[in-house]
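Position chain E with the ligand against the provided structure of chain D, taking the given hints into account.
In order, the protein sequences belong to chains D and E. Under our numbering, the final residue of the first sequence carries the number 406; numbering is consecutive throughout. Under our numbering, the final residue of the second sequence carries the number 237; numbering is consecutive throughout.
Just to be clear, a hint being listed does not mean it is correct.
Far from chain D, by Cβ distances over 10 Å, these chain E residues were calculated [stated by the list, open to error]:
id : residue
1  : P38
2  : A76
3  : T109
4  : D122
5  : G158
6  : G183
Chain D regions said to be covered by chain E (calculated; three or more residues, Cβ under 8 Å) [claimed, not checked]:
id : segment
7  : 193 to 206
8  : 324 to 332
9  : 352 to 363
Below, simulated DSSO-like cross-link-like pairs (lysine-lysine); rule was C-alpha separation at most 30 Å, straight line [claimed, not checked]:
id : chain 1 : residue 1 : chain 2 : residue 2
10 : D       : K247      : D       : K149
11 : D       : K149      : E       : K110
12 : E       : K184      : E       : K110
13 : D       : K123      : D       : K247
14 : D       : K149      : E       : K107
Hints in this document: simulated from the structure, not taken from any laboratory. Where a beta carbon is used, it is the ideal one built from N, C-alpha and C, also for glycine.
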Amino acid sequence: MPLRAIVATTASKTAAALSRAAGRGDGSVIGGWIGLKIDPDLLAHLASGRAVALVSGTNGKTTTTRLTAAAVGVLGRVATNSYGANMPTGHTSALAKEGHTPFAVLETDEHYLPQVIEATRPKVVALLNLSRDQLDRAKEVAMMAQLWKTALAGHPEIRVVANADDPLVVWAAAASPQTTWFSAGQRWQDDSSVCPESGHPIERAGGDWWCVGCPLRRPTPQWVVEEDGVIDPRGDWHLVKLQLPGKVNLGNAATALAVAGEFGVRPIEALPRLSRVTSIAGRYAQVDRDGRNIRLLLAKNPASWLEAFDMADQAPTLLSINARDPDGLDTSWLWDVDFSPLRDRPVLITGDRAYDLAVRLQVNQVPFQHVHTFDEALAQVPPGRLEVIANYTAFQDIRAVLDRVN
Amino acid sequence: MNDSTLRIVWIYPDLLSTYGDRGNMLILAHRAAARGIPVETYEVRSDMQMPTTADIYLIGGGEDGPQALAAQRLIADGGLNRAVAQGASVLAICAGYQLFGHSFFAKGTKCGGLGLLDITSDRGETRAVGELRGDIDPRLGLPPLTGFENHGGRTHLGAHAAPLARVTGGIGNDGQTEGAWYGKIIGTYSHGPALARNPALADLLLRWSTGADRLAPLDDTWAERLRGERLTAGLPA
Ligand SMILES: [Zn+2]
Chain D
1 MPLRAIVATT
11 ASKTAAALSR
21 AAGRGDGSVI
31 GGWIGLKIDP
41 DLLAHLASGR
51 AVALVSGTNG
61 KTTTTRLTAA
71 AVGVLGRVAT
81 NSYGANMPTG
91 HTSALAKEGH
101 TPFAVLETDE
111 HYLPQVIEAT
121 RPKVVALLNL
131 SRDQLDRAKE
141 VAMMAQLWKT
151 ALAGHPEIRV
161 VANADDPLVV
171 WAAAASPQTT
181 WFSAGQRWQD
191 DSSVCPESGH
201 PIERAGGDWW
211 CVGCPLRRPT
221 PQWVVEEDGV
231 IDPRGDWHLV
241 KLQLPGKVNL
251 GNAATALAVA
261 GEFGVRPIEA
271 LPRLSRVTSI
281 AGRYAQVDRD
291 GRNIRLLLAK
301 NPASWLEAFD
311 MADQAPTLLS
321 INARDPDGLD
331 TSWLWDVDFS
341 PLRDRPVLIT
351 GDRAYDLAVR
361 LQVNQVPFQH
371 VHTFDEALAQ
381 VPPGRLEVIA
391 NYTAFQDIRA
401 VLDRVN
Chain E
1 MNDSTLRIVW
11 IYPDLLSTYG
21 DRGNMLILAH
31 RAAARGIPVE
41 TYEVRSDMQM
51 PTTADIYLIG
61 GGEDGPQALA
71 AQRLIADGGL
81 NRAVAQGASV
91 LAICAGYQLF
101 GHSFFAKGTK
111 CGGLGLLDIT
121 SDRGETRAVG
131 ELRGDIDPRL
141 GLPPLTGFEN
151 HGGRTHLGAH
161 AAPLARVTGG
171 IGNDGQTEGA
181 WYGKIIGTYS
191 HGPALARNPA
201 LADLLLRWST
211 GADRLAPLDD
221 TWAERLRGER
231 LTAGLPA
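The shape of chain D in the complex, shown without the other chains (with noise of 0.2 Å):
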């Protein structure tokens, strides 16, 4: 490694054990940050050396990454993102605290894919969905796939990992000549019902897709989730036992065997650690607090909200909506997604954007209780489970309220 960059990577460090000791969060940002200054070449160095997997998506990325780089750990120890640090800042820090490791799995923001394909110069990168997301922020979704297409093709020696239910991925991922697909179901269909390539209607049957107007079609997959398993490319059927709920956690699961396929894990090694992994960054954790044990959902978009509600238990379920920056300042999806099934329990609403969803929930016939604070919620429901579903930052706010001492 060049002296800069020795330099740089010390820096780095130190910058964020300082950050960390003085209670801003994990460090992980502003010890890239700091290090990328030094050197702008610093992840090019840290990468170097290491096989590297990417997980890039709209959804699960976070949860993907965390199963993947378990899967990896079979092989060796990995060096990974795991707090959602996923633009080259935070990988950057990732890479610098660790210091050597054969194996690196990063999670990386699908806007920022092609920078860290060229920084990281990864061995596999996986693919996992692509749908609406803060479209007043973010590129429209269309420029995305076209985005991921462009960085693949100028990259062969890739292996891709991609999700052969998403019309748009797959469209992206056919420009790699070494692509792996598994199907791990798509809840979310509504940003792929015209074709990327043709501009002609995708249609659907059960689960196969195909484009009325020109070839693209689903490539068949060699990774299957059934029933609560999955099926290898040998035709190996594998129990796939998790702590983490949801039949999307599922597909999160043989994503994350498929990717660790393409370093030679066999889904029999791999699975016992998938199954020891239990919350991520917060997510899916319970916590206990005055006889209510309380588990924490992250919905941060109406794909992610469908699959929220499958998690979810009949139980009292708290909805907690922001739109701060990192949100997305506009509420509109709030329309796209079908709160019916919530009609069975409870509901109660919390959080900046409260009257923006107690109007949806009105006109979906969803019965709800406005709370102005989460222990004002607490306060109206019984023992028990209560859910809690909320966006971005209503769900930091949330687990800062769980984490203060009484």
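Okay, now just chain E with the ligand, sitting in the frame of chain D:
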């Protein structure tokens, strides 16, 4: 209404549907049903023929390619123009609003529109993103407009279209006026579920299409709280 049922068509949701456009259809159906008006909703895809006998037509926002394609298909189909000529009401949003005019720009090319509103649209220097507010044309008798805008276009009104509102916050058409109306057609840059924050606008469409002078009031407590919050959000206290 042709008979006792109110028919609402959502035009080409496969092409023009960004965040929450579905909301306007849900809100109109909800507010009609709450008044005891039987209502049917139809999602008409771009490969289907456009019905000419519905009462309210809704068209939403979208990206450049689908916008140009939707305009081509609607012109070739002709059904929407016939429906408007027969007195149907329309709520047209963002890209859908632009294509109701004479022309608009998509992917750098000037495209022909339906010519149902006397407007032309082009590209602005900057994207307009954020809260949008305005005082609605007094002839419509509605309280102030509140919405969220997210568009790169600018729209110029001809002599036969009236601004929907005078802008008091945000950009709208050009920083001065927002949206347009003519006959029973309303166009706006208030994106996505515009009617969620503007229940009186929803009721105007329902009154136009039922011929009722007034509708039974609904409990709009939550919508009024939302309006109160959004009409003052970001303003000095
Ligand atoms: Zn096609």
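Against the structure, the hints:
1. P38: holds, 17 Å
2. A76: holds, 15 Å
3. T109: Answer for T109(E): holds, closest chain D Cβ roughly 15 Å.
4. D122: holds, 20 Å
5. G158: Nearest chain D Cβ is 30 Å from G158(E), so the label holds.
6. G183: Given a closest Cβ separation of 27 Å, the condition holds.
7. 193 to 206: Held - the segment 193 to 206 of chain D has 4 residues with a Cβ nearer than 8 Å to chain E, which meets the minimum of three.
8. 324 to 332: holds (count 4)
9. 352 to 363: With 7 residues in contact (Cβ-Cβ under 8 Å with chain E), the coverage given for the segment 352 to 363 of chain D holds.
10. K247(D) / K149(D): holds, 28 Å
11. K149(D) / K110(E): Judged against 30 Å, a Cα distance of about 28 Å means the pair holds.
12. K184(E) / K110(E): holds, 26 Å
13. K123(D) / K247(D): Since the Cα atoms of K123(D) and K247(D) sit roughly 28 Å apart, the hinted pair holds (cutoff 30 Å).
14. K149(D) / K107(E): holds, 20 Å
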